[in-house]
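Using the hints provided, position chain L relative to the given structure of chain H.
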Amino acid sequence: MLRARTFAATAMLSFLMAACGHHVGPRPGQLSLGMVTDVGGLGDRSFNDSAYRGLLRARDQLGAYVEVLQSRSAADYQPNIEALTNQRVDMTFAIGFLMSTDLDQIARNHPDRHYAIIDAVVDDPNVVSVTFREQDGSFLAGALAAMMSTTKHIAFLGGEDVPLLRKFEAGYTAGAHEVDPSVTVDVKYVGSFDDVAAGQELGNVLYNGGADIIFAAAGTAGLGAINAAKSRSGAYVIGVDSDQDALAPGKILTSMVKHVDVAVFDVARGMQQHRPIAGHLTLGLSDDAIGLTNFTFTRTAIGAARLRRLSAIRRAIIAGKIVPPDTREALAAWKPVAL
Amino acid sequence: MTLALLVTLLTLTVLKATPIIFAALGGTISERSGVVNIGLEGMMAAGAFGAVYATSATGNPVVGVIAGILAGAFFGFVLGVAATRLKVDQIVAGTGINLLCIGGAAYALVVLFHQQGSSPQVASLGTADVWLIVLAFALAIALHAFLWLTPWGLRLRAIGENPRAVLAAGIDPLRVRMLAVTISGALAGLGGAFLSVGELNIYSDGMTAGRGFIALAAVIFGRWTPLGATLAALCFGFFEALQFILQGRVAWLPSDAMQALPYVAAVIALAGATGRVRAPESDGVPF
Numbered sequence: 001m002l003r004a005r006t007f008a009a010t011a012m013l014s015f016l017m018a019a020c021g022h023h024v025g026p027r028p029g030q031l032s033l034g035m036v037t038d039v040g041g042l043g044d045r046s047f048n049d050s051a052y053r054g055l056l057r058a059r060d061q062l063g064a065y066v067e068v069l070q071s072r073s074a075a076d077y078q079p080n081i082e083a084l085t086n087q088r089v090d091m092t093f094a095i096g097f098l099m100s101t102d103l104d105q106i107a108r109n110h111p112d113r114h115y116a117i118i119d120a121v122v123d124d125p126n127v128v129s130v131t132f133r134e135q136d137g138s139f140l141a142g143a144l145a146a147m148m149s150t151t152k153h154i155a156f157l158g159g160e161d162v163p164l165l166r167k168f169e170a171g172y173t174a175g176a177h178e179v180d181p182s183v184t185v186d187v188k189y190v191g192s193f194d195d196v197a198a199g200q201e202l203g204n205v206l207y208n209g210g211a212d213i214i215f216a217a218a219g220t221a222g223l224g225a226i227n228a229a230k231s232r233s234g235a236y237v238i239g240v241d242s243d244q245d246a247l248a249p250g251k252i253l254t255s256m257v258k259h260v261d262v263a264v265f266d267v268a269r270g271m272q273q274h275r276p277i278a279g280h281l282t283l284g285l286s287d288d289a290i291g292l293t294n295f296t297f298t299r300t301a302i303g304a305a306r307l308r309r310l311s312a313i314r315r316a317i318i319a320g321k322i323v324p325p326d327t328r329e330a331l332a333a334w335k336p337v338a339l
Numbered sequence: 001m002t003l004a005l006l007v008t009l010l011t012l013t014v015l016k017a018t019p020i021i022f023a024a025l026g027g028t029i030s031e032r033s034g035v036v037n038i039g040l041e042g043m044m045a046a047g048a049f050g051a052v053y054a055t056s057a058t059g060n061p062v063v064g065v066i067a068g069i070l071a072g073a074f075f076g077f078v079l080g081v082a083a084t085r086l087k088v089d090q091i092v093a094g095t096g097i098n099l100l101c102i103g104g105a106a107y108a109l110v111v112l113f114h115q116q117g118s119s120p121q122v123a124s125l126g127t128a129d130v131w132l133i134v135l136a137f138a139l140a141i142a143l144h145a146f147l148w149l150t151p152w153g154l155r156l157r158a159i160g161e162n163p164r165a166v167l168a169a170g171i172d173p174l175r176v177r178m179l180a181v182t183i184s185g186a187l188a189g190l191g192g193a194f195l196s197v198g199e200l201n202i203y204s205d206g207m208t209a210g211r212g213f214i215a216l217a218a219v220i221f222g223r224w225t226p227l228g229a230t231l232a233a234l235c236f237g238f239f240e241a242l243q244f245i246l247q248g249r250v251a252w253l254p255s256d257a258m259q260a261l262p263y264v265a266a267v268i269a270l271a272g273a274t275g276r277v278r279a280p281e282s283d284g285v286p287f
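Protein sequences appear in the order of chains H and L. Going by our numbering, the residue at position 33 of the first sequence is 33; the numbering climbs one at a time, nothing skipped. Going by our numbering, the residue at position 147 of the second sequence is 147; the numbering climbs one at a time, nothing skipped.
In short, the hints are calculated from the structure, not lab data. Hints are not guaranteed to be accurate.
On the chain L side, residues computed to face chain H include the following (Cβ under 8 Å) [to be verified]:
#1 8
#2 201
#3 209
#4 244
#5 245
This structure is a prediction, so every number in the text was calculated from the model and none was measured. Each residue gets a CB set at the ideal place from its N, CA and C atoms; glycine is no exception.
So here's chain H without its partners, still in its complex pose (with noise of 0.2 Å):
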């Protein structure tokens, strides 16, 4: 089971080799990247497809190499890292926070390759780290859940209950006591990315709870989330990480996306201009990196005084009018800023 996703990759891979015969591996002198998915691997419609996409983007725009390896447990990381390492691609991606120490010891044996990790700081000359400001547009998530909600009580589903989730559950809770500090937010974590089945059966105990919206921030296990409220009526569900609106049309209020993919490509440009970015690159709204999606199928929904209201609260969040927290520590600490 471990290795299952590896194991599945290489197969296709070898088979795909078998049927056309292709030459695999970089040219002389391309530019060669590898990534690393964490457990939520590819297909997650969240985080890994997002930074997946920024690949395919290097891949098409800088002409890029492209190689993928799938984690299936946290067991897969260091031989998978180690993998890329050995095939000495340019750069080796590694998506997600939970790679952070296994990258950190194998940066330091091989100091003469580059890294870059997505959700953590690993402090090594050779390793790029972006993190994002999650807490900022966790907070606009929160604001506009706390306008729509017509019952005053309002939910967070996360994956597991980490740092990283925490900066998405501080932001978005202060978020709604922004625009009602009576509102009521319900806190859940499903204890993994990826049971969809117990993402669902959450998302009805919140719902049930009286909630009417959930803010799913649980990988693929938010598609349980988001399962639950297309069977109920005056019910949302907020997406996370990419676009997830179109999965639930109307029913999906917005996703607070975070480009990972706009990150992957960034760093992956400086590479190919043989200036890699170093050190610690943290990345928010007002790089575009953070945000909601554009209310495609929500729009009049929410109509246009809520969203005027949405942008000021933006507008004071990039002009540090606001400063959203990041812990259960700050939010305690924190209070509403009249605008």
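Coordinates of chain L only, in the frame set by chain H:
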């Protein structure tokens, strides 16, 4: 606790328990015949995927459920051949089946649906999934009656204890084991189908999320009896439902600790039951 919460708790308990009951019934019948089926998790995944594929092809989730049963039965049969005719170590063969099914489903998603990670949404049984829940409990009673009240039930149990004696009585133990493991796979497949087209409408990688292994624990906790295994599955479902509801309500208890609740309960129950449980004599021993 309000009435509404109690209703949520009980429905969620049954919902969480149902796929585990199916798989645990499969595990019980297999182990009673003397074959440890550690491949339940993989057979559930095969059933879940088979159900989604057949549903997407025909548009009918009932056909999907049948396909899920057949997919599970097929891998049960494979384990049966390995465990009886080929005399492969059952744990190794079962683990192989887990790898094959879960990896195979990930691969089949790409080949058949041209997308990775999860399938497109398909038709679902919707509220008709309640009939599968009823079926789970009916099967538990029927299987219990079969094992303890019928001559064939006695023979199957005897094969799990002492296959040599049954051979002397003129019955081929290998044939019976083969049949039992195939049925075991069918039941696990049904559990997977309940998840993918009963409760949900999608297959996604890793969606069985260890339920097959929980079922394996339920077999032992239920002392290798269908009704015991059902009770064990319900117990697990109850604690899982409880943690879903309590999460975020008890401020001093972090959600991680809450999520461990069902597993802690299972360990305590198993520890409390040791000394009194006894596996079938020839369980896991090739004949």
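Here's how the hints hold up against the structure:
1. Hint on residue 8 of chain L holds. Least Cβ distance to chain H is approximately 6 Å, under the 8 Å limit.
2. A least Cβ separation of about 7 Å between residue 201 of chain L and chain H falls short of the 8 Å threshold, and the interface hint therefore holds.
3. With a least beta-carbon distance of about 4 Å to chain H, the hint placing residue 209 of chain L at the interface is held under the 8 Å criterion.
4. The closest approach between the C-beta of residue 244 of chain L and any C-beta of chain H is roughly 5 Å, which is under the 8 Å cut-off, so the hint is satisfied.
5. With 8 Å as the threshold, the beta carbon of residue 245 of chain L comes within range of chain H, its nearest partner Cβ sitting at about 6 Å, so the hint holds.
Violated hints for the displayed structure: none, as all numbered hints are satisfied.
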